[in-house]
Amino acid sequence: MATAGAPSRQPSHQSHPFQPQPWRDRRLEIVLGNLLRAGVLFSAAIVLAGACVYLYRHAHERANYRVFVGEPSDFRTIPGVVHSVINGRGRGLIQLGLLFLIATPIARVAFSVVGFAIERDRMYVVFTVIVLAILLYSLLGSGLTF
Amino acid sequence: MTVLDFTAIVAVVSFAAGLLGSLTGLGGGVVLVPLLTLLFHVDIRYAIGASLVSVIATSSGAAAAYVKEGFSNIRIGMFLEIATTLGALLGAFLATRIPTSALAIIFGAVLLYSAYLSRKPRPSAQRNLPPDPLATRLRMNGTFPDVDGPRCYNVQNVPSGFSLMFGAGALSGLLGIGSGAVKVLAMDQAMRIPFKVSTTTSNFMIGVTAAASAGVYLSRGYVDPGLAMPVMLGVLAGSLLGTRILVKAETKSLRLVFSLVILVLGLQMLYNGLWGKI
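Protein sequence lines correspond, in order, to chains A and B. For what it's worth, my numbering labels the leading residue of the first sequence as 1, then goes sequentially. For what it's worth, my numbering labels the leading residue of the second sequence as 1001, then goes sequentially.
Honestly, I wouldn't trust all of these hints.
Stated by the list, open to error - To spell it out: a stretch of chain B is covered by chain A in this simulated footprint if at least three of its residues, at any positions, have a beta carbon under 8 Å from a beta carbon of chain A; those stretches are:
no.	stretch
1	1002 to 1010
2	1039 to 1045
3	1052 to 1066
4	1217 to 1228
If you're looking for bench data, these hints aren't it; they were derived computationally from the structure. No residue lacks a Cβ here, since even glycine has one placed at the ideal position from N, Cα and C.
Construct the complete structure from the given sequences, taking the supplied hints into account.
Structural data, given as structure tokens:
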């Protein structure tokens, strides 16, 4: 909070290049960046595992995506995906990996709420909670969860 | 075509798109949907679903590398994400309601605009702009490392940047792309954010924006596992390799070739959309 007005202090600010606020922001960003990469690699590994099962079983069938029919509910909702993973289906595993992938940036926003709270930046806690609420509304309202 | 052949070819094409997209900074997602629909005759809705998922992967995968450079501004990003996620919700809502030929036409227009933008010189770096009261209140001004030490910048025109970002989010949700072109317009041109800061910050935002519409696409059955799998893995591998070799590569002629590809794909999408072939 104390540094809030800093940028309005005219050109002389070049003599204090690293104010506390950008520095703490940077540490937060590095943590978040690593979190994102870990999330992506984790979900890519699950997708790859699903790909092996799927290709092993269906390699010689015909691929046809010309006509849009939409996915069956097993690949459209979280309970459906979990159900098909339990039944050992490769495509269910791929969808599970994709769900983790979608969750990764959402986790980043959730962690940012904590980060801004630690910095006692109330304004940005509010902004980040708004973004998180929009994301959760999209997931819950889309029918993904049932 | 058998599933195995299809998967292998789509993975290779996606790898190339991811590699070229990250080397040229133009993004691989924008060429994926036209390639899948024009070359592989995939229904545009499946193509958009697969592309959207791959956009999340590349954005999040590159974030760690970008953060290390110290350019991105987390406050600008978070504030503008309110606009892009709301836009993405609207885009995903519209995508399920408008005809596919209209989607193709909008896509073609965005491609042509991206091609035009990629040939335009970057806006000159801002020097000593006065601090804007709203941007100062929102604590958006910051510093970034320059050749002669850290440099300060003052963000301008927050309201127009915010509304343009809503449009960028809507396009992202509608077409399953990162819509880097509109983001450049909002952050470089309107808000006068230095180029390096705006590209790295918008990369951070792309994943969150795409996540806002991905849930809608998945639940509507637009994300096919058999198609999304090779696209996502291919683009991710290509873009990760691209960020590794970026330092050594000569990107100028590559950029020209890639923007020509975007131009041709844009014309094709327009043609197919207008004649109702998609």
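| said: Tell me the hint numbers this structure goes against, listed in increasing order. | reply: Failing hints: none at all.
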